[in-house]
Amino acid sequence: MKYQVVIGLEIHAQLLTNSKMFCSCSSKFGDAPNTNICPVCTAQPGTLPVLNSRAVELAIKTALALNCKINRESIFARKNYFYPDLPKGYQISQYDRPLAEKGWVEICSKEGESKKIGITRVHLEEDAGKNTHNEVGSYVDLNRAGAPLVEIVSEPDMSSPQEAVSYFKKLKLLLECLETCACNMEEGNLRCDANISLMPVGSKTFGTKVEIKNLNSFRFLEKAISYEVQRQTDVLNAGGTIEQETRLFDSSNDVTKSMRKKEQANDYKYFPEPDLMPLLADDDLLRKIKDSIPELPDAKKHRMMTQYLIGAYDAEVLSSNTMLASYYESVVLRTGEPKLSSNWIQTEVMRVLNEKKIEISDFCISSDSLAELIKMVKNGLINQNTAKEVFNDMLGSSKSAKEIVAEKGLSQIQDESAIEKIVTEVIEVSAEQIKQYKEGKTNVMGYLVGVVMKKSKGKANPSVVNALLKKKLG
Amino acid sequence: MSFDITKSSIPKIAVTLREKKVSSKELTEAYLKRIKTYSRLNSYITVMENEALKQAELFDKQGYKNSDSILKGIPVSLKDIFMLKGFKTTCASKMLSNHVSVYDATVTERLKNNGAVILGKNNMDEFAMGSSNEHSFYGPVLNPWNEKMVSGGSSGGSAVAVSAGLSLISYGTDTGGSVRLPASYTGICALKPTYGRVSRYGVVAFSSSLDQPGPMARNIEDLAIAYDAVAGRDVKDSTTSKTSFESVYAYLEKNIFGKQDAYSGKCIGIPKDLLKEGVSPDVLKSFEETVLELKKAGFTFKDIKLPNAKYALDVYYIINPGEASSNLARYDGIRYGYRASDFDDLKGLYKKSRTEGFGDEVKRRIALGTFVLSAGYYDAYFAKAAKVRRLIRLDFENAYKECDLVLVPTAPTTAFKIGEKTSDPLTMYLSDIFTVPVNLAGIPSLAFPVSVSSDGLPVGMQLLGKHFDEKTLFEVASVMQHKRPDWFNRVSVE
Numbered sequence: 001m002k003y004q005v006v007i008g009l010e011i012h013a014q015l016l017t018n019s020k021m022f023c024s025c026s027s028k029f030g031d032a033p034n035t036n037i038c039p040v041c042t043a044q045p046g047t048l049p050v051l052n053s054r055a056v057e058l059a060i061k062t063a064l065a066l067n068c069k070i071n072r073e074s075i076f077a078r079k080n081y082f083y084p085d086l087p088k089g090y091q092i093s094q095y096d097r098p099l100a101e102k103g104w105v106e107i108c109s110k111e112g113e114s115k116k117i118g119i120t121r122v123h124l125e126e127d128a129g130k131n132t133h134n135e136v137g138s139y140v141d142l143n144r145a146g147a148p149l150v151e152i153v154s155e156p157d158m159s160s161p162q163e164a165v166s167y168f169k170k171l172k173l174l175l176e177c178l179e180t181c182a183c184n185m186e187e188g189n190l191r192c193d194a195n196i197s198l199m200p201v202g203s204k205t206f207g208t209k210v211e212i213k214n215l216n217s218f219r220f221l222e223k224a225i226s227y228e229v230q231r232q233t234d235v236l237n238a239g240g241t242i243e244q245e246t247r248l249f250d251s252s253n254d255v256t257k258s259m260r261k262k263e264q265a266n267d268y269k270y271f272p273e274p275d276l277m278p279l280l281a282d283d284d285l286l287r288k289i290k291d292s293i294p295e296l297p298d299a300k301k302h303r304m305m306t307q308y309l310i311g312a313y314d315a316e317v318l319s320s321n322t323m324l325a326s327y328y329e330s331v332v333l334r335t336g337e338p339k340l341s342s343n344w345i346q347t348e349v350m351r352v353l354n355e356k357k358i359e360i361s362d363f364c365i366s367s368d369s370l371a372e373l374i375k376m377v378k379n380g381l382i383n384q385n386t387a388k389e390v391f392n393d394m395l396g397s398s399k400s401a402k403e404i405v406a407e408k409g410l411s412q413i414q415d416e417s418a419i420e421k422i423v424t425e426v427i428e429v430s431a432e433q434i435k436q437y438k439e440g441k442t443n444v445m446g447y448l449v450g451v452v453m454k455k456s457k458g459k460a461n462p463s464v465v466n467a468l469l470k471k472k473l474g
Numbered sequence: 475m476s477f478d479i480t481k482s483s484i485p486k487i488a489v490t491l492r493e494k495k496v497s498s499k500e501l502t503e504a505y506l507k508r509i510k511t512y513s514r515l516n517s518y519i520t521v522m523e524n525e526a527l528k529q530a531e532l533f534d535k536q537g538y539k540n541s542d543s544i545l546k547g548i549p550v551s552l553k554d555i556f557m558l559k560g561f562k563t564t565c566a567s568k569m570l571s572n573h574v575s576v577y578d579a580t581v582t583e584r585l586k587n588n589g590a591v592i593l594g595k596n597n598m599d600e601f602a603m604g605s606s607n608e609h610s611f612y613g614p615v616l617n618p619w620n621e622k623m624v625s626g627g628s629s630g631g632s633a634v635a636v637s638a639g640l641s642l643i644s645y646g647t648d649t650g651g652s653v654r655l656p657a658s659y660t661g662i663c664a665l666k667p668t669y670g671r672v673s674r675y676g677v678v679a680f681s682s683s684l685d686q687p688g689p690m691a692r693n694i695e696d697l698a699i700a701y702d703a704v705a706g707r708d709v710k711d712s713t714t715s716k717t718s719f720e721s722v723y724a725y726l727e728k729n730i731f732g733k734q735d736a737y738s739g740k741c742i743g744i745p746k747d748l749l750k751e752g753v754s755p756d757v758l759k760s761f762e763e764t765v766l767e768l769k770k771a772g773f774t775f776k777d778i779k780l781p782n783a784k785y786a787l788d789v790y791y792i793i794n795p796g797e798a799s800s801n802l803a804r805y806d807g808i809r810y811g812y813r814a815s816d817f818d819d820l821k822g823l824y825k826k827s828r829t830e831g832f833g834d835e836v837k838r839r840i841a842l843g844t845f846v847l848s849a850g851y852y853d854a855y856f857a858k859a860a861k862v863r864r865l866i867r868l869d870f871e872n873a874y875k876e877c878d879l880v881l882v883p884t885a886p887t888t889a890f891k892i893g894e895k896t897s898d899p900l901t902m903y904l905s906d907i908f909t910v911p912v913n914l915a916g917i918p919s920l921a922f923p924v925s926v927s928s929d930g931l932p933v934g935m936q937l938l939g940k941h942f943d944e945k946t947l948f949e950v951a952s953v954m955q956h957k958r959p960d961w962f963n964r965v966s967v968e
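Read top to bottom, the protein sequences are chains F and L.
Using our numbering, read the first sequence as starting at 1 and increasing by one per residue.
Using our numbering, read the second sequence as starting at 475 and increasing by one per residue.
These are computed hints drawn from the structure, not numbers from a lab.
Among the clues, some could well be false.
[What the hints assert, rightly or not] Only pairs whose alpha carbons sit at most 30 Å apart, straight line, appear in this in silico DSSO-like list of lysine-lysine:
| hint | chain 1 | residue 1 | chain 2 | residue 2 |
| --- | --- | --- | --- | --- |
| 1 | L | Lys957 | L | Lys776 |
| 2 | L | Lys716 | F | Lys290 |
| 3 | L | Lys861 | F | Lys102 |
| 4 | F | Lys130 | L | Lys826 |
| 5 | L | Lys957 | L | Lys875 |
| 6 | F | Lys213 | L | Lys821 |
| 7 | F | Lys79 | L | Lys837 |
[Unchecked claim] Below, a sample of chain F positions facing chain L; criterion: calculated Cβ distance under 7 Å:
| hint | residue |
| --- | --- |
| 8 | Ala43 |
| 9 | Pro45 |
| 10 | Leu48 |
| 11 | Asn80 |
| 12 | Pro84 |
| 13 | Asp267 |
| 14 | Phe271 |
Just so it is clear, CB atoms sit at the ideal spot from N, CA and C, and this is done for glycine as well.
All chains, please: the whole structure from these sequences, using the hints.
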């Protein structure tokens, strides 16, 4: 039997605020355990939550960028369960009236086809603390308890692990662009759960879904889904049925393992949070937030294509990272060479980033310095090959392109009479090749140019060399 | 001392303090002495003798200016549900018997800012769950009018402290009648403010959508002063109202006191249907007497209907345990409070700590609340109760189109015997039949004492008002106090 894969993702993003969701404690990552805590986030008796309005703004900003409908009145609800990292015994979340609903994002497949993935809902909630265990005992760190999260729930619109990954990547890109989340997956401020089910191809009824928790890298997400699809296929083909359950991904063996069955699932006993008033989003607030949304990647891509006349693929790559895009645009601004700049960044710069596994923000050559180098190529001061050499030198020093070219005497010979002298010398000693050329073997021209270049130690302007040779050989 | 501390009101004491005829230290010592003499009433869980005297001496040293708060140097007490930094807040539960507050409740903070001298923390029903103050880890509070009788609950310790002259005023909390019922049983005044008028920050949560702190006093002046000191917006409690608050006492002083004879023109509604069943003849008699007094004072009366009020107890015993079961989940033995000494695993730690730390009534409400919130029952119980609650609120809104306020007894009977109803929770719950609709509707209610019944026990009535219209309740109550001074300022023991 052929099965259709159905995937939906739930993504938790920690909102980029200074303080927690319901108290003024810092929401900073990595501080000593239980240093960013207060009576409210440790749930001392009698304490009450006070909503962080910055968290609300960032969540609305996120929801608007996801094309969601913002509910003018949304309700906080308590999600009740016992766990040592949950001080109140309930998490303040949103349930039947979330902040926002019914949005979508567009993803792009490898083949260049775009697809809309529906967003079911976007809601606000607080994070729990962190439990750690060692030989001596178990410990609770409440620094993270009460950190503001936005949960983004997708429709079950993805049908392959690759689509799921490109959706997750797209969300990360959006959140980075919006500056609503730090998106540092190692620090846990962007997390993903996946719901996966199979149904026979052509069926309209979804199969039983399995949830995989805490898939905190693109690679894990892809591997976990691939494994789970195979596992479910095997179960179904063997005549078995899929059990509704929650599974965990074991990254050392690339398998998923059952965590709890449906009957062991918590009854969260949701009810409206009586300590908070309904959350109201009026026109003024929405307008203010809308105005603060920067140009988003899709819009950026299309603008780059029309403004710089670069291809869809180039625009996609350059707009896929906010920092990279602004690096590119500032190089273009200084060089006036969109295509040449795009080539330089996509080949030389990206090669270095990939080799060193660093982000453009950590790249040692500033956009100004790169622009200077590209301008030297554009103005014929150095040729492309020399420029690559200079580029490599720039990586290892703090010198500018100009300084390196001057020091090494690399600047191109522009003086036609100087080049003509070399060309004449070469013609004198290349009787055989000239004969061949005149017999119609025009490809020897390349050889002759090479010899001239070599003699000039690479400094001759190749197009001048070309023109002179052609002229002399008639 | 030049006057009897048990018979004086705050305005009079404030004058005496400013005239230096008495010191706060003398007052505080006198109250501490009475607290000791009447310790058998069990109205205090913690007496802060040293701290109170230290504060009183400090205020005496600073002196009393007219610009100072009228509460400066005045001895007060707090139900043991209000956080008071550095002192225990037990909520009368074994669960919190070792719990030292790490911060001040807003009510506490405002009292401190006013210069009140806090004598101690009053006994109560465990986690404010009860109508008789028998459900306390520290034992029942005795009614000073007849020590075989209950004090009423859950703010029984506060009521008895005020009634027996063991503090001048006290603060309780009212979720379904918890300041008004004990006030009625002990012959004093109490105010359940509009929901959102007084901050709940630092008040151990019982049922968050119903809880409201409220003052208790022997007369209307003291009650107004006590209310003024704590009312108004608090940014730490998002459910407090943003509408501005103006001093009730200043208003009464300017417009009502001394002019009560000229006051009239208000229309009082009476929900006759509610009074048909379960009200004792003594209470009915007192009710009729109260109506007569008010008529003599020029008030008009109108029959009103509150068609959904009969469902109030049913609704209350769904919403209240539902919220309570969630509010009490934090007592897990992990971070503070009682922790069982031996357990096998995490679940065992939770189970044993909670089994041993909570009393029966608390467990009953947690069980009930967990049930009504459960998947599959939520719609039939909690969601439906929330709908009926809105109808009850609407009933009052409709009633207030025809009248300015409503008069009903505070309780259907006078105080009952200790132990009489503890084995029958449903009968106990009926004590709150007249108080609960007020909390469900979120409206204010002022309870005041009327004549003593044939069994020698106090009877109380309550005036119910419109949202945030406490002022009218105080106006009418001060007219009542003016007409029948014998009903007010009574001290139950010599």
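Cross-check of the supplied hints:
1. L:Lys957 / L:Lys776: It holds: about 21 Å lies between the C-alpha atoms, which stays within 30 Å.
2. L:Lys716 / F:Lys290: Answer holds: lysine 716 of chain L to lysine 290 of chain F is near 28 Å, not above 30 Å.
3. L:Lys861 / F:Lys102: Given pair lysine 861 of chain L, lysine 102 of chain F holds - Cα atoms ~28 Å apart, limit 30 Å.
4. F:Lys130 / L:Lys826: holds (24 Å)
5. L:Lys957 / L:Lys875: holds (28 Å)
6. F:Lys213 / L:Lys821: holds (23 Å)
7. F:Lys79 / L:Lys837: holds (20 Å)
8. Ala43: Given a least distance of 5 Å, the restraint on alanine 43 of chain F holds.
9. Pro45: Holds, about 4 Å.
10. Leu48: holds (5 Å)
11. Asn80: holds (5 Å)
12. Pro84: holds (5 Å)
13. Asp267: Nearest chain L Cβ about 5 Å off; hint holds.
14. Phe271: For phenylalanine 271 of chain F, the interface hint holds, since the closest Cβ of chain L sits about 6 Å away, which is under 7 Å.
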